[in-house]
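There are 2 protein chains.
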Amino acid sequence: MLQDRSRATRDDGPEHSPVAQAQGASGTGPVISRALQILDAFSAQSPHLSLSELARKAQLPVSTVHRMLGELLTWGALERDDQGRYRIGLRLWELGSLAPRGQGLRERALPYLEDLSLVTRENVQLAVREGTEAVFIERIGGSCAVPTLTRVGGRLAITATGAGLALLAHAPAAVQNDVLERPIIRNTPYTITDANRLRGVLAQVRARGYAVSDRQLSLDTLSVAAPVRSPQGEVVAAVSLVVHCSSATPAALADLVLSSARAINRALHMPVS
Amino acid sequence: MLQDRSRATRDDGPEHSPVAQAQGASGTGPVISRALQILDAFSAQSPHLSLSELARKAQLPVSTVHRMLGELLTWGALERDDQGRYRIGLRLWELGSLAPRGQGLRERALPYLEDLSLVTRENVQLAVREGTEAVFIERIGGSCAVPTLTRVGGRLAITATGAGLALLAHAPAAVQNDVLERPIIRNTPYTITDANRLRGVLAQVRARGYAVSDRQLSLDTLSVAAPVRSPQGEVVAAVSLVVHCSSATPAALADLVLSSARAINRALHMPVS
Numbered sequence: 002m003l004q005d006r007s008r009a010t011r012d013d014g015p016e017h018s019p020v021a022q023a024q025g026a027s028g029t030g031p032v033i034s035r036a037l038q039i040l041d042a043f044s045a046q047s048p049h050l051s052l053s054e055l056a057r058k059a060q061l062p063v064s065t066v067h068r069m070l071g072e073l074l075t076w077g078a079l080e081r082d083d084q085g086r087y088r089i090g091l092r093l094w095e096l097g098s099l100a101p102r103g104q105g106l107r108e109r110a111l112p113y114l115e116d117l118s119l120v121t122r123e124n125v126q127l128a129v130r131e132g133t134e135a136v137f138i139e140r141i142g143g144s145c146a147v148p149t150l151t152r153v154g155g156r157l158a159i160t161a162t163g164a165g166l167a168l169l170a171h172a173p174a175a176v177q178n179d180v181l182e183r184p185i186i187r188n189t190p191y192t193i194t195d196a197n198r199l200r201g202v203l204a205q206v207r208a209r210g211y212a213v214s215d216r217q218l219s220l221d222t223l224s225v226a227a228p229v230r231s232p233q234g235e236v237v238a239a240v241s242l243v244v245h246c247s248s249a250t251p252a253a254l255a256d257l258v259l260s261s262a263r264a265i266n267r268a269l270h271m272p273v274s
Numbered sequence: 002m003l004q005d006r007s008r009a010t011r012d013d014g015p016e017h018s019p020v021a022q023a024q025g026a027s028g029t030g031p032v033i034s035r036a037l038q039i040l041d042a043f044s045a046q047s048p049h050l051s052l053s054e055l056a057r058k059a060q061l062p063v064s065t066v067h068r069m070l071g072e073l074l075t076w077g078a079l080e081r082d083d084q085g086r087y088r089i090g091l092r093l094w095e096l097g098s099l100a101p102r103g104q105g106l107r108e109r110a111l112p113y114l115e116d117l118s119l120v121t122r123e124n125v126q127l128a129v130r131e132g133t134e135a136v137f138i139e140r141i142g143g144s145c146a147v148p149t150l151t152r153v154g155g156r157l158a159i160t161a162t163g164a165g166l167a168l169l170a171h172a173p174a175a176v177q178n179d180v181l182e183r184p185i186i187r188n189t190p191y192t193i194t195d196a197n198r199l200r201g202v203l204a205q206v207r208a209r210g211y212a213v214s215d216r217q218l219s220l221d222t223l224s225v226a227a228p229v230r231s232p233q234g235e236v237v238a239a240v241s242l243v244v245h246c247s248s249a250t251p252a253a254l255a256d257l258v259l260s261s262a263r264a265i266n267r268a269l270h271m272p273v274s
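Order-wise, the sequence lines are chains A and B.
If you read the first sequence in the numbering used here, its first letter stands for residue 2, the second for the next number, and so on.
If you read the second sequence in the numbering used here, its first letter stands for residue 2, the second for the next number, and so on.
Hints are not guaranteed to be accurate.
Said to hold, decoys possible - Chain B regions said to be covered by chain A (calculated; three or more residues, Cβ under 8 Å):
no., region
1, 44-51
2, 92-101
3, 128-137
4, 196-206
Just so you know, the hints here were simulated from the structure itself, not pulled from any lab data.
Because the structure is a prediction, the values reported are computed rather than measured.
Note that beta-carbon positions come from the ideal geometry of N, C-alpha and C, so glycine has one too.
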């Protein structure tokens, strides 16, 4: 998932990446870019990598990767597992936990997500928008609920999930155009891939106050999501319920996610303890 | 918290840090070190920083910080808030969520931590050891429970918390010696600061199978912790209950944390879904 975003940089090669060019003659660009390329090689599918796998995925010479690994290990960005492979280190996890849009929001929202989970026994998720994608920052799986594709820190299509549609409906017009001008992947026969139909869906989300994805991501799931707003009124996240498509009507779930979203809005107004 | 670990590097200045020296003539050392120094400037106490605050905290010239910020922003390691200050970006949070010792362990353990929280209505915590410190990777606050000092991604004294003692008791001898040879901060009159007494406490933790901190971190809290083991038998984490010091006996809490730790051990044996 993380890899997708950096593919352009890697395909161009570090010296010719837009970032490296933007740095011009400063000389710092390629070095930091290469370090970030190494970190980008890790993904949920490949959390442990050997030196040669890292070099291949980062498209860098083994000698370059080896030289940089020392420093990344010393600082704790990477660790070695008991088989000598590299993995993302706890230090990077700690630093990431300082991201206000990740851990900060998650901690404020968690009690309300747990309430929603207890009441419904269904999958509860919290997502934020990063550019043109939805990133899931929390999921609580229901004990008997339908399996979902979501992973904390993972990304799913912003046009095919309830949470994604709730976020996109309130995104700046430039972001909406960016998403709708690209080809949209068809996950199921129910996935809406037509830009004009999606614009209609987004208008409906704004009018109703909640978003519905009915089998648009996978054939057995239905998700209903409501936007979470900052004290300034900006949509900063979406809370969603993901259920088996036959188990409930969207309108009944909407009341639950809307009240949960309102409770989280209220929590975001409270001073940080 | 994060800052403490990097203080030595910062005080030495980037060019003369051990890391930079170890990199020798490669020339990559100082650049990556400086980028990491910039990230290290952020802490739970200072999650939003201006350019000049960043330069001051990282002990780098404003021009250097400004040049590197461009690249860190482009990649998403940092973001700007609505007042133009810098903060840790969602991208770094996503990358950190790939750390097996952070998010991976947390996700496996969370259902059991929630069970323990529901049954006790007390504070439940999960910690791992990073060098000579305990890092809390999850906390679930009890609804009527005693307030705690813990923060997810935060560090607390390894000798003054139940979770810390459970981790230290099973740490390599070199780590124990390293901790016990340094002066130990007295948090309360009950904090054990004598190295020999602490060695006795660690032996007792190993013999009993659980650790107790009775008002050693703050005057109103008692914590009881049990080690969580990997399928290879290595202690990889500790689960703890933190209660008001007058509300329960350690032995009664020990049974609860021990059975929760055993359930998490079992979950770590299951294949990743």
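Hints, one by one, checked against the model:
1. Counting residues of the region 44-51 of chain B whose CB falls under 8 Å from any CB of chain A gives 4; the rule of at least 3 is met.
2. For the region 92-101 of chain B, the proposed coverage by chain A is satisfied: 10 residues have a C-beta within less than 8 Å of a C-beta in that chain, meeting the threshold of three.
3. With a threshold of 8 Å between beta carbons, the proposed coverage of the region 128-137 of chain B by chain A holds, since 3 of its residues qualify and at least three are required.
4. A count of 0 residues in the region 196-206 of chain B with a Cβ less than 8 Å from any Cβ of chain A is obtained; the coverage claim is therefore unmet, three being the minimum.
Hint compliance for this structure: hint 4 is the single one not met.
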